[in-house]
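Enquirer: Residue numbers (my numbering), protein chains in the order written: chain A, 1 to 272; chain B, 1 to 272.
Hints are computed from structural coordinates only; laboratory data are not their basis.
It is possible that part of the hints are untrue.
Claimed, not checked - Derived lysine-lysine pairs resembling BS3-like cross-links, with alpha carbons at most 30 Å apart:
id : chain 1 : residue 1 : chain 2 : residue 2
1  : B       : K228      : A       : K175
2  : A       : K245      : B       : K178
3  : B       : K178      : A       : K204
4  : B       : K178      : A       : K228
5  : B       : K245      : A       : K268
6  : B       : K190      : B       : K245
Claimed, not checked - Derived list of chain A stretches under chain B, where covered just means 3 residues or more per stretch with a C-beta under 8 Å from a C-beta of chain B:
id : segment
7  : 63-71
8  : 92-99
9  : 122-129
10 : 200-206
11 : 219-232
12 : 245-255
13 : 263-270
As the list claims (entries may be wrong) - Have a look at the derived ranges for each label pair, beta carbon to beta carbon:
id : chain 1 : residue 1 : chain 2 : residue 2 : range
14 : A       : D192      : B       : K55       : 47 to 53 Å
15 : B       : K195      : A       : R161      : 53 to 59 Å
16 : A       : G152      : B       : S140      : 32 to 38 Å
Heads up, the beta-carbon is just placed ideally off N, CA and C, and yes, glycines get one too.
There are 2 protein chains.
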Amino acid sequence: MQRLRGKGLNFSFTPMDKKPLILVTNDDGVSAPGIRFLAEIAARYGEVYVVAPDKPQSGMGHAITINSTIRLNKSNYHPAAEAEYNCSGTPVDCVKMAVNKLLPRLPDLVLSGINHGSNSSINVIYSGTMSAAIEGALESAASIGFSLCDYGIDADFEPTRQFVEQIIASCLENKMPKGVCLNVNFPKLKADEIKGIKVCRQAKANWVEEFEERHDPYGRPYYWLTGKFVNFEPESTDTDEWALKHGYVSVVPIQHDLTAHSQLQFFKDTLA
Amino acid sequence: MQRLRGKGLNFSFTPMDKKPLILVTNDDGVSAPGIRFLAEIAARYGEVYVVAPDKPQSGMGHAITINSTIRLNKSNYHPAAEAEYNCSGTPVDCVKMAVNKLLPRLPDLVLSGINHGSNSSINVIYSGTMSAAIEGALESAASIGFSLCDYGIDADFEPTRQFVEQIIASCLENKMPKGVCLNVNFPKLKADEIKGIKVCRQAKANWVEEFEERHDPYGRPYYWLTGKFVNFEPESTDTDEWALKHGYVSVVPIQHDLTAHSQLQFFKDTLA
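Can you build the whole structure from these sequences, using the hints too?
Expert: Below, the structure written as structure tokens:
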């Protein structure tokens, strides 16, 4: 039976003489190549704790585990980490568990990823990777989600290294606005083909869904969700989709107030 | 084996001589009292199709099923419905499946709920009920999520009736802005105690989490997520939390662009 550290001194900040405390998580699972790459880089900037799902949790969005229990176990995929746990819950559960139960204090930085696959545009709301980063921001920690536009298990993360380093360093040096996290996506390109970083907004886009119908050996139908991504504004040059298509790393600052402020008056006029 | 209707004429709108087509879903499961109450009201305004989870899916946020298959089965909890399916997937899967596979055309209205429990403020991002409504808006349908601030299975939904009717009627009559849905929450009050409707914004709030540690019969630890809701701005009178606390029905228009537009310049200055 493992021993947990107990609830630490949350919401206290790092004294200047301490190394930054960095929580690393993801949605592809604790052993995925993307999180190994990220944790190894993170260890150059601070004391790394890995708390990540024990199995793939892609597409889990901001799901939390409230109808069943959560398990935690130690694992050893990350030699550079101070401590490492895998968790039976969702990516958001991992962040909540780390911040409220495992870490000695509020992390200076929450890093999520590197995801195997894009989380640009509307994908942000389905993404476990990004929901973990949003949860970090909700906990008042500086948070970044990283994703590479390559779903392959053998994806080459090496071209992202210099940008991951640059963004981590910048977020540690410059006090990030509270409650905001970054959605960073990398194009599937070689290092010398990437043109640089573009800070941009989430493109208006959506999936045109299809459900592939199959039949089990007993003749009963079942379905696989498939679909085609459609960018509704391919001409706009200030979006993440444009940046990625044109060889840039896209960086979108993300917040969690879903209020459609510009529509308040419409509903005041028609409803109240 | 059931027969599905096949992919219908999506994205065409209702001719004026047809009754509105209304999709009803939720996250508490197809047989929950809240969705029965909602479907019965909805049937007075149009042709109702129920596609809802086959089991409770609270806290599933915007999760979708991509690592496993989805099953659909007919059920009979809603006598007023034209057709009714329960789905093994998440609330968002239910909406995708309904719109892309089951319904004869794009619904005129997507109704989600009535949820057993609050989805006000930050709860919106964890809520399967609200994610189904957001997904409806993403599919370009007018969408509303309803929640009652009472978690009990025997909650009294009757006091919400006149407001549910008023809001449905208004959203059918007044063309709702595309991509926007409504997050409607009802206080736990008697009908004559509810003061009316307030259109408002999402309050700044969060959960202070705790994990209750227990041990299984074999001595191994497991955890239950618990927590305490904290409103960070109890004095603000334009929020959903204020409205609910003061006896009003809260109505927050919700959108899905997570870009922190006001922070773009900060990151352009510090990163790019």
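Enquirer: B/K245 and A/K268 were given as a pair; does the straight-line alpha-carbon distance stay at or below 30 Å?
Expert: 19 Å, holds
Enquirer: For A/K245 and B/K178, compute the direct alpha-carbon distance and say whether it is at most 30 Å.
Expert: 27 Å, holds
Enquirer: Kindly confirm whether 53 to 59 Å is satisfied by the beta carbon distance between B/K195 and A/R161.
Expert: Check passed, 58 Å falls within 53 to 59 Å.
Enquirer: Is the hinted pair B/K228 and A/K175 satisfied, with a Cα-Cα distance of at most 30 Å?
Expert: The given pair, whose Cα atoms are some 28 Å apart, holds under the 30 Å limit.
Enquirer: Cut-off 8 Å, C-beta pairs, minimum 3 residues; does the coverage of the segment 245-255 of chain A by chain B stand?
Expert: holds (count 5)
Enquirer: Is the Cα-Cα distance between B/K190 and B/K245 30 Å or less?
Expert: Satisfied, since the Cα-Cα distance of roughly 14 Å is no more than 30 Å.
Enquirer: How does the coverage statement for the segment 219-232 of chain A fare against chain B, requiring three or more residues with Cβ below 8 Å from a Cβ of that chain?
Expert: Three-residue rule met by the segment 219-232 of chain A, so holds; n is 7.
Enquirer: Verify this for me: three or more residues of the segment 263-270 of chain A with a beta carbon less than 8 Å from a beta carbon of chain B.
Expert: It holds, with 6 qualifying residues against the three required.
Enquirer: Per the coverage rule (Cβ-Cβ under 8 Å, at least three residues), is the segment 92-99 of chain A covered by chain B?
Expert: Three-residue rule met by the segment 92-99 of chain A, so holds; n is 5.
Enquirer: Below or equal to 30 Å on CA atoms is what counts here, so check B/K178 against A/K228.
Expert: 21 Å, holds
Enquirer: With a C-beta cutoff of 8 Å, work out whether three or more residues of the segment 200-206 of chain A approach chain B closely enough for the coverage to hold.
Expert: Since three or more residues must qualify, the claim that chain B covers the segment 200-206 of chain A holds, with 5 doing so at under 8 Å.
Enquirer: Can you let me know if the beta-carbon spacing of A/D192 and B/K55 is within 47 to 53 Å?
Expert: The hint (47 to 53 Å, Cβ to Cβ) holds, given that A/D192 and B/K55 are roughly 51 Å apart.
Hint compliance for this structure: every hint is met.
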